[in-house]
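A.B. asks: Sequence:
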Amino acid sequence: MDDYVAALNQKLGRQVVFAVPVGQAVLALRERVIAGNVPGIQRQSELFTDKLGHPQAPVEALASYCNFAVLYRRTPVGLPIPAVLERSVNPLWREEKLNLILQQIAWDAVTGHPLGGVGAPTSF
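Counting from 1, one number per residue, gives the positions in the sequence shown under this note's numbering.
FYI, nobody ran anything at the bench for these hints, they're computed from the structure.
Misleading hints may appear alongside valid ones.
[To be verified] Pairwise CB distance ranges, derived in the manner of DEER restraints:
{"hint": "1", "residue 1": "V89", "residue 2": "R14", "range": "44 to 54 angstroms"}
{"hint": "2", "residue 1": "P39", "residue 2": "R87", "range": "17 to 27 angstroms"}
{"hint": "3", "residue 1": "G78", "residue 2": "P39", "range": "30 to 40 angstroms"}
{"hint": "4", "residue 1": "D3", "residue 2": "P80", "range": "31 to 41 angstroms"}
{"hint": "5", "residue 1": "G53", "residue 2": "L92", "range": "15 to 25 angstroms"}
{"hint": "6", "residue 1": "E31", "residue 2": "H54", "range": "13 to 23 angstroms"}
{"hint": "7", "residue 1": "L12", "residue 2": "G112", "range": "39 to 49 angstroms"}
{"hint": "8", "residue 1": "L12", "residue 2": "R43", "range": "16 to 26 angstroms"}
{"hint": "9", "residue 1": "K97", "residue 2": "V16", "range": "14 to 24 angstroms"}
Cβ coordinates follow ideal geometry from the N, Cα and C atoms, glycine included.
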């Protein structure tokens, strides 16, 4: 997908198509879960509702934060806890500590991705 987006931008001579790096953000979240650095989440399997990979509330919030960062070109850090976490069955997912971790992971993923539109511009 990144190659396709980069080729479109190359053809147009400037960045007009962006990529939202949700996959990279989810991988970063999974790495933090493995390291034991995500409150309220002990195992990676807790991030998903089934073996197909349908997301639980923290992954939904993370994806939303990634989209927010790319669309508005600003950090999601500091936004209030979203309804998807507020309504979650796990009370630990309703806490600001997890919300801040998800926001920072999203911002790091977007600013670290050359097609996110927020980090260093890609030359064409």
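A.B. asks: Determine for every hint whether it applies to the structure shown.
C.D. replies: Structure-based check of all given hints:
no.: 1; hint: V89 - R14: 44 to 54 angstroms; in the structure: holds (45 angstroms)
no.: 2; hint: P39 - R87: 17 to 27 angstroms; in the structure: holds (18 angstroms)
no.: 3; hint: G78 - P39: 30 to 40 angstroms; in the structure: violated (18 angstroms)
no.: 4; hint: D3 - P80: 31 to 41 angstroms; in the structure: holds (37 angstroms)
no.: 5; hint: G53 - L92: 15 to 25 angstroms; in the structure: holds (22 angstroms)
no.: 6; hint: E31 - H54: 13 to 23 angstroms; in the structure: holds (20 angstroms)
no.: 7; hint: L12 - G112: 39 to 49 angstroms; in the structure: violated (23 angstroms)
no.: 8; hint: L12 - R43: 16 to 26 angstroms; in the structure: violated (44 angstroms)
no.: 9; hint: K97 - V16: 14 to 24 angstroms; in the structure: violated (37 angstroms)
The earlier numbered hints that this structure contradicts are 3, 7, 8 and 9.
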